[in-house]
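> Keeping their order, the protein sequence lines are chains A, B, C, D and E.
To convert, count from 1 in the first sequence and add 71; that's the numbering used here.
To convert, count from 1 in the second sequence and add 137; that's the numbering used here.
To convert, count from 1 in the third sequence and add 245; that's the numbering used here.
To convert, count from 1 in the fourth sequence and add 618; that's the numbering used here.
To convert, count from 1 in the fifth sequence and add 3; that's the numbering used here.
The set of hints was computed from the structure by calculation and includes no laboratory data.
Any given hint might turn out to be false.
[To be verified] Calculated from the model, a selection of chain C residues having no Cβ within reach of chain A, i.e. all distances over 12 Å:
hint	residue
1	262
2	309
3	317
4	323
5	385
6	389
7	390
8	398
9	409
10	441
[To be verified] Here are some chain D residues pointing at chain A (derived, C-beta under 7 Å):
hint	residue
11	623
12	702
13	721
[Said to hold, decoys possible] In the DSBU-like style, the derived pairs of lysine-lysine whose C-alpha atoms are separated by at most 30 Å in a straight line are:
hint	chain 1	residue 1	chain 2	residue 2
14	A	1022	E	108
15	E	178	A	1027
16	E	177	A	1022
17	D	730	A	416
18	A	937	E	14
19	E	199	A	1027
20	E	48	A	1027
21	E	177	A	1027
22	A	170	D	730
23	E	199	B	163
24	B	163	E	108
None of these values were measured; they are calculated from a predicted model.
In this text, a Cβ means the ideal position worked out from N, Cα and C, and glycines have one as well.
What follows is each chain in one-letter form.
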Amino acid sequence: MVSPIYIIAGGLGAAFLLGLLPAKWRTFAYGITLATLAFMSWVAGSWLYAFAVNGALPVEIFTAGTQPPFAINLRVGLAEAALALLMTLTGLHAALYMKDTLFKQGRQAMAILLIFIMALCGVVFTRDLFNLFVFMELVMISTGGLVLLSSDQRALGAGIKYLIVSQLISMLMLIGIVFAYHATGTLNIDGMAAAHINLFKGGSLAFFLIFMAVVAELKPFPANGWGLDIYESAHPAFSALFSVATGGATLYAVDKLLLIGGAQWLPMASAIGIVTFIAANLFALVQTNDRRLLGYSSVAQIGLIFTVMGQQDILGERYYFIAGGILLAHAVAKAGLFWLSGLVKQRQLTDWAALRSQPLLVFAFVTFIALLVGLPPFPGFYAKWDLAHLLAADGRLWLLGLILFGALLEAAYLFRWFGYIIKREGSEAGLALQPMKVDATLGAVVVAWLLAYLWGQLSGHGNLLHAIPLLFALLFLPLEWLPAKVKNIMAIAGLVGWFYLSYPSYDAFQLIFAAVMLPGGALILLASFQTQQRRVGFYPAAMLMFAGLSMLIVAKGSFDFFAAWETLTVGSYFLILRGKHSEPHALSYLVFSLGGAFLILAGFALAAQGVMDFQIAALAQVAKPFAPWVFALLAIGFMTKTASVGVHIWLPGAHAEAETDVSPMVSGILLKAGLFGLFVLLMTMGKQQLYGVELTHVMLWIGAISALVGNLLAIFQEDAKRLLAYSSVGQMGYALFGLALMNHLGWLMALMFVINHYIYKSMLFLSVGGVAKRTGTREMYRMGGLITLMPLSFIATLIGIIAVSGVPPLSGFGGRWIFYNAIMTADYRLPMVIIFLAGPIAFLYLFRLIHTVFLGQLKDEFRKIKEAPFWIILPQMIFVAALMVFALVPGVALRKVDVYLSQFFAGNGHLNWEGLTISSDFGYWNPVAIMVIIGVIFSTLFAWLLFVNRKAQPVKQFNIVFAAERPFRPETTHYAWNFFAPYRKALGFLTQPLVTRFWEAVTELLHSAAEVLRRIYTGNGQTYAIHLLAFVVVVYLLWMGGSDGI
Amino acid sequence: MKIPWALLTLFIVINYGLLMTALVQKIGARVGRRHGIPIWQNYIDLLKNYGLRTSITHGVMFYLGPVFRLSGGVGLLLFVPSIYGSEMFSNFSFAGDLILALYFVFFGTLGMALGAAESGHPYAAIGITRGLSQMTAAELPFALAVFAVALQYQTLSVTDIVAAQQGSILNWTLFTNPFAVAAAMLSFLGSMMRPPFDVVLAPQEVPIGPPTEYHSSFLALMQTNRVLFPVAKIVIYMNLFFGGAANWPVFFLKVFLIYMVSAFVGVVFPRFRVEQSIRWFLIWAVPLGIIAVVRV
Amino acid sequence: MIRRFAVFLLLLALGSIFVNLLMGYVPDSELNLTARYYAEHTAQDIGAANIVTAIVITYRGLDTLGEVTVLFLTATIIGMVLSQGQKHRALQRQLPPSGELLTTGSRLLVPLILLLGAYVFLNGHLTPGGGFQGGAIIASAALLLLLTDPLRRFSHRLISVVESVSGLVFVASGVLGILYAGGFLDSRILSTGTFGALFSAGVIPVIYSFVGLKVGAEFTSMLTNLAETEQS
Amino acid sequence: MDWIAMGTGFTLILMGLYGALTNRNILRIIVSFTVADTGVNLVLVAVGYMHGRTAPILDEAVSAAQAVTRIIDPVPQALVLTAIVIGLGVTALMLTYAYKLYEVKGILDISKCKDLKW
Amino acid sequence: MKEELLKRMVKGPDGVEFEVEPLRDYYCEAGPTVQTPAYTAIIEKLFNWARSESIWILGFGTGCGAIEMRPLMTPRFDAYRYGIQWRPTPRQANLFVISGYLSTKTLKRVIRSYEQMQSPKYVVGLGSCTINGGMYWDSYNTIKRLDDYLPVDLYIAGCMPRPEALLAGFEDLKKLIRAGKAEGANQYAENFEWYKANQKSVIHDWDMPDYNW
């Protein structure tokens, strides 16, 4: 082992050595630089290995052969070694990345870079306050030099702003240090910590100044304009260093300072951190320049870590796990993103669409934003989980809420950016690819996944990367080169196989969901056979969603549940984003879903009260003051997925714009995840009261109103898929209503809806999707009369709408029958009014769907249209068969689960399944008999009519009586546009887009606030200095009340 | 063994429907001081329509429309017991469940809508939009009333509900739950396609709406349903609200009287536009239904 | 105006922080722990008469190394920045001749200044002064020369070699400290010698000499670089 | 007596800062910062000062044995040396920047250097 | 020929162009066929009786005589008691009353409506104008002899004939029907060419298929 001091000595020595070299020996100088950085990395790495794996004790380095506090000492432990490795590695990559620039600028630039990295390591290692100052000054000055490596002329301005501010910072720090020294008689950090600086007269104030000075380096809001300018104008590789290495080192310096200050400074750290986190994320919302956005994001992330630091009093042993997780995630991601930005020629976010031509780079981008947002399986996810739990356990709910809010903002702009990449115009010409730069970026991706694995191992919750479904989904990434058909076979085999393997372990309730999600998903995937070529991106996304779903069903602990939840959310987001015009809708889906997920996280955290391996089943034991809140949080979280009214606005666009075979997946299957969550919630927590209000009653209302609003909106849609999407809102409203009834049959009905809705909505989406594929439009009024051309699609739609409408004898009626039996025992009746109103409205949109698409007048351009492709028709026909079977013998699916549900409602109201008859306390129902009777009547009459009209003359579309005239053209004869005009006159006021307007107002408010507030960054360096000064003064006044702190 | 009896019920009801409809039409004519159609006119019309020599077809769904329609009527009749306490005329009420009947009402509506739409005629589509729109509002008070009654008797079996109303006339739901009955009867007006709720069939504006292309035996089938369906529907009302019928004479009387309610209203009121009728139901009938549901 | 007022208010608030510091300041009557240790142990441990020098070079040697690096860094940056852009452009205007007095005076003074500088850094461990002061003095000679003849050129190569070698020596002596003494930057790799003698206090005089050279070279480099901007 | 030096130092800092924050010319800002730096250094030195003692140099006047009672605190003196050098480095760097800025953009007015904002 | 009936090239959603010929693609091209009585005599008699007792008139007033039809619905005349009703759509009507003069412009609509009625179907010419043009015998704009264009089963002469005359005429029509003599639809089918030629000779802008189903 080489002493860590050689990291510093080596760096410094090499820097001096570079000065000796003749200016021409650039390659040699570059070689030395790389070698030195590599050496530094190796030393740091070897120590990290020693600490982490061999459990070595932290090393103390005494300089001058004298014990501290009389001489400067350095300490290297696990955290220091990790940070040093991070910084040196980033430095090494930066050197590789900046090869061109370094060659151009010569050995001097290389020396500066070396000193920069060395100084950062010094900041991390040193245990002496003044020495810290020296190293920080070195960092500042070398930053001033490295900024100039940029080819952007504006960097000069940024640099001088930075220098002005750093002058102020160093003054504050010097004054603070000398007074702190005076107070404690030492400059050693540990010594000061032992001396309890706050007890000395003036000590607090001195510490305050030091603290403020170092915190200012963290770029707290609003004293951070200079930092943003640097991010925007500096060389991307340096921006990466500035964000990752400087940020990390300064954070560590703050951490050391907090050791001196003690616990009383922690709240301030949190306060500054969270304000910065939220403000920076808010401002990032309105950024269009990529690097500035990354700058804001960096500021935000550092703010978040600072917040976490402020919470170290309650984080205990998880502190380093959490803070480290976020820091490393931030570091790798930000470095990667900055490096990526160097590959993109133009600076607008939309210009990143050029990246699309390189799937590997897109994957890199996804990895990085997933890292930043903290999605599974990356470290931020584990950190977020632990943090939330510990905060909630201590009652710091406001902070938790703010953190989650900020994270949501961050997710919003990052994924919006991703949307630009995938959806906007862009060509390969927008890229400036260089092997070295690409390699550096991909290196970051590798590190990201390694970190994900590492954090999974450390988490104590089980490593997500050990989950077979997830691995299976990830397996598709390296297999992207295969043709889609092969991958499709694999995917189907995977789904069915996993179901087969897991089948014995499911209970009756899980089995229903599993059957819908796994074999059900495989069935829909049959439709994917019709796609050609490789279909890059589809299978990883789809399988990620299915992986999430399959993990969700069997999750026992809240962590597994939540991880599965986020996995499926992300997977489905990627799926939805694939649609042609789905960019805004996918984004709103993601934002709502993540918002919901965060509520779920908060709910679990609140419920767990610090217990990390919280079992879902234990929700039942949550104590009184928390229980209703937990219930509310979880319920709202799940309801965002079922698209209940209020949070439904993402659904129509997301489902409608998705690809033909994706719509049924996200509608037929994905929505059930929300229902599953609600089921689990109600099974464990049951009824809860908040301020005397029965929460299940609130859910009843929400369910009923969702049903009404969904159905009402559906009838006014012109877009067939949007119509179906709104219909899903309504149907999920029914299911929610059934659940909230809190009785046996209500739940059974909800389960029946799970199956029914899956079958008929998948079928309808496929059918409509097939039609849309053939006609090239989704506007129903442009179709019409397709029945003869697409008979099979028509049959699927016909059966589908009969089933949806709940008319006997198809399976929809079973749902209605159970529903009526269920409401008989409900103790709260008013919402039924709305549900009853919603019911018949379904007829309106269903009729509209089949009429305007398949019946009515055929248009000229569709005269030669062919039936939908075989692979789209096949699953539809299977669904038709399944629907018939389920209509005839619902017991096959429901019988067992009916018994299963009895355990929740003792002896109350389960069904009797005798032979083919199903009876409840109130009535009975024999699907087979009904089917037979209706079938006999129907076929008799049909045969009779056919016989009577055996000689009927078939006529064509214009052979209609038209008030003694003839129709003009099919377009004018097809009654389809604004189909339910009278209805709009009567009840149209109910369809006012209040919810949409509300969310738009929220978005608008956030954006305008950001737009206005960010104007504080005037670009004037002096103003920035004033900001800093004002920041110090305001914090002083707020925190210390103007006193000297004694 | 039920099948012949069921067919008998069907036969009785169709004949009764043909005659009663004609009678009601005659009564309506008398209100207008006309003599009115002969009482057998419905039979003759039916016969004539079957006897037409030509017919045209717009496609498969064109056939299915009337078939759905009449199946709906026949099925509805057969799923509800006609005569209380009679083994023979209880039809297929082993499935005589209230919910089944409620939803089966829509079977014909939906099928008819499909058939009419297949004709490709815009007027048919316009008529259907009106009909369906109006139906959504008109069915609501009825659904509420049914829910109230089911709650009141704690059963969803029509037979049980009738049984509970036996004994005295005061046991009828009409007296035990007047709000529900009031709501249901208002809804009844809306579902009978008589004024003021008959804009669906506006005879000249959209030449009689949905069936504008129907003729010959197609029309005959629909005519059959037109006499059968109201009776079937009234049977439900009778069973739920007016004590059911223990024998055929009572059956005939009660059905006639209930039918007359809509006839009475129909001859004195002008026509509502669709949105007007929707509002009317929501403002006048639904509150009654809500009161009924809440009071039980 | 508003800006001025805002700045004034802010400084008032900052001033109040300072006033608080000032009010809370009580001068020590005794040396504190650290200072006492230095007072008591420097002489025998390090052998330097000038305690400040002992602290600067040995006890807080890492600071000083950093400090030297700061200078090196600044000089490097200046060199890098100013070397880019227009090089060796012909002088565009005629400079007025520097006076006779200045020319002659500097001829006399420059050797003396250099000598003084060397003295100051060589005796840094004994008397007030040291490498930085000495280096600054040496650089002032360069400044004088530049004033005399603004077009005078110093060898960049020489300067950078001096800089680098000095830096390397500093680092190397630090590393030697690990190998042969108590730790990094321990000055006792040479014997501490006789207290008060020129060659005492271990490697301090050597380091300080190199620091002096380095500082002198760096200052000169900065001056030269800045002076060269006059060309344009 | 002690606080006069310290007070002067603080006053210098405030004066320097006022100059730095109100002058637009970068060169003036740099000069102002130099003033403020001097103030900081003065404060630093003042903190170590102890009334009636002498410089921490051992010679005939102050023997090693008496040092504890005779010398002032040497640490701030060491610190101030570093601080001065660093201040000088930063000043030089700023000057370079100012020069470069003038060369590239032809301005020395900080308020005109606003091409990066928001 | 109207523009919307002309052949045109249309581009499908898959980009392939093809031809659309409205008259061929939108309309059934089959001609009318003679419908012989399909059943045994007695049943045919029964049907004829039913047809005669259930006469549904197409509610299409083609000329000024239409005003004489309205009173038939009133309490004073009350045609309903004779099994006579009005239907708004030709599909359901059996009887077409050509009420008075028939302008050539209306003739086109009349032909279309007549052809859309289901057989057996009857035509009654109301008033002198349908017989010989009446007072408009020399008009440039009316047809003179209805019989040249449609197979008329019965004329009710007069200008205008009173509602009573109409009732009497309907009774006569009933007799014709019962006697099996009201086979205008078959007559039309048999002499289709002749009728068409006559029709086309007066309707110059013939823009519909030859037979309107």
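> Check the structure against each numbered hint from earlier and tell me which ones fail, lowest number first.
1, 2, 3, 4, 9, 11, 12, 13, 14, 15, 20, 21, 22, 23 and 24
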